[in-house]
Amino acid sequence: MALRLWASSTANALKLSSASASRTHPLPSPFSLSRCFSSVLDGLKYANSHEWVKHEGSVATIGITDHAQDHLGEVVFVDLPEPGGSVKQGGSFGAVESVKATSDVNSPISGEIIEVNASLKETPGLINTSPYEGGWMIKVKPSSPAELDSLLGPKEYTKFCEEEDASH
Amino acid sequence: MAPLMNLVRLRGFPILQQLHLEERMLRTSSANWCIINDGTTSPAIVMGLSGKVAELVEAKSVLRDHIPVIRRFTGGGTVIVDQGTIFVTLICNKDDVSDVQPFPRPIMSWSGQLYGEVFKGLADFHLRENDYVFGDRKFGGNAQSITKHRWVHHTSFLWDYEVKNMSYLKLPTKAPEYRLTRDHTDFVCRMKEYLPRSEFIERTIKAIEAQFSVKSINLESTDIPSSSEFVHTTRLLTEQELLDACTIQT
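From first to last, the protein sequence lines stand for chains A and B.
Position one of the first sequence corresponds to residue 1 (the UniProt record's numbering), numbered consecutively onward.
Position one of the second sequence corresponds to residue 1 (the UniProt record's numbering), numbered consecutively onward.
The set of hints was computed from the structure by calculation and includes no laboratory data.
Please note that the accuracy of each hint is not assured.
[Stated by the list, open to error] DEER-style ranges, computed between Cβ atoms:
no.: 1; chain 1: A; residue 1: Lys88; chain 2: B; residue 2: Glu241; range: 27 to 35 Å
no.: 2; chain 1: A; residue 1: Pro83; chain 2: B; residue 2: Leu243; range: 28 to 36 Å
no.: 3; chain 1: A; residue 1: Ser119; chain 2: B; residue 2: Phe230; range: 28 to 36 Å
no.: 4; chain 1: B; residue 1: Asp65; chain 2: A; residue 2: Glu163; range: 50 to 58 Å
no.: 5; chain 1: A; residue 1: Lys121; chain 2: B; residue 2: Lys206; range: 40 to 48 Å
no.: 6; chain 1: B; residue 1: Thr250; chain 2: A; residue 2: Ser86; range: 39 to 47 Å
no.: 7; chain 1: B; residue 1: Asp136; chain 2: A; residue 2: Ser167; range: 34 to 42 Å
no.: 8; chain 1: A; residue 1: Pro83; chain 2: B; residue 2: Pro68; range: 30 to 38 Å
no.: 9; chain 1: A; residue 1: His168; chain 2: B; residue 2: Ile248; range: 30 to 38 Å
no.: 10; chain 1: B; residue 1: Val163; chain 2: A; residue 2: Glu163; range: 45 to 53 Å
no.: 11; chain 1: B; residue 1: Asp65; chain 2: A; residue 2: Glu133; range: 45 to 53 Å
Keep in mind the model is a prediction, meaning the values are calculated, not measured.
Beta carbons are placed, not taken as given, at the ideal position from N, Cα and C, and that holds for glycine.
All chains, please: the whole structure from these sequences, using the hints.
Next up, the structure:
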């Protein structure tokens, strides 16, 4: 089991070394592999509660990181809000269930929820297999784009995860 | 200096009210809390957050016998609880248990070590997958809820149980591997065969005292907001929901 997790995490990291679809850099950049081989993508911003946000124009997509899904275990249920609601930076907008736990998912930014990933109802495991793509959770219209500046970049988030894991 | 743990001891407290209290403590308090409820009033079925009643409960019997079915705010499986169940809940600031990463498996492991101290020298206790067992028989079921800065780990301990109550529960489709194909009566065991009720509670408090500075608090003295001021996730299922489950099951 451990070997499979290692291999899948490493494979994830190698495949997803860049947020863009191009494969011009087949080798992972130095900071896309954490000590635990969870992948961290360039081009995203990260919260220290292990959510990521991808800002593209007027829409921000939010999900949980590879580090988070790895530490949570197999996700069996995802509780998401309805579109039309609002999120506040740092506030909880939903939860995932894994092992015997429900774990809050917190929004890295404030804004209006414009879309929710309906696939997660039938296939919650997308959060484990594709945390940055198929496992996206909500799309938000940011109300304060400047909030993104307060988030961690890929390098900082990688270091944060390494320090967290090392201290336990 | 050891972090403070407020201890609330209850007896025969209704499980729905206990779960509501735990949710309010988790979400509105910044203190650490331990709740020990020595038996609840009358039988109730308690499912985890994502539980599907038609898959987990014999809906016709439950409706016939007026057994309440509750969906709780934590994850995990389904239990039927009554006056033979002892509940122990720990609600902690993650920074007060700083050597435990606030994720399900580290918290579960930490709890296994705590209860290892409780049962030391008394029984062949293990944390097996996510259950507390003596040998290979389950006597305690666990569930958790984790927020940004806090988490709750709660356990229902089978002090004693009535075999007839187990018949309200279906055999779950998702079961731990160690269960194999055993039905309820071959899979679980009664804690009362191992130690007196009061001794279990005292040993649990002693194990908690090894990590925290424990202070007993009366329920009335807690500064937790009242039920009416909070929207709980935990709720009682409606009769309609149980009737719908009946329809699916026939």
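Structure-based check of each hint:
1. Lys88/A to Glu241/B: 27 to 35 Å: Distance hint for Lys88/A, Glu241/B holds at roughly 31 Å.
2. Pro83/A to Leu243/B: 28 to 36 Å: For Pro83/A and Leu243/B the Cβ distance comes to about 30 Å; the hint holds.
3. Ser119/A to Phe230/B: 28 to 36 Å: holds, 32 Å
4. Asp65/B to Glu163/A: 50 to 58 Å: Because 54 Å falls inside the window, the suggested range holds.
5. Lys121/A to Lys206/B: 40 to 48 Å: holds, 45 Å
6. Thr250/B to Ser86/A: 39 to 47 Å: About 43 Å separates the Cβ atoms of Thr250/B and Ser86/A, which means 39 to 47 Å holds.
7. Asp136/B to Ser167/A: 34 to 42 Å: holds, 35 Å
8. Pro83/A to Pro68/B: 30 to 38 Å: For Pro68/B against Pro83/A, whose Cβ atoms are near 33 Å apart, the range 30 to 38 Å holds.
9. His168/A to Ile248/B: 30 to 38 Å: For His168/A and Ile248/B the Cβ distance comes to about 44 Å; the hint is violated.
10. Val163/B to Glu163/A: 45 to 53 Å: holds, 51 Å
11. Asp65/B to Glu133/A: 45 to 53 Å: holds, 48 Å
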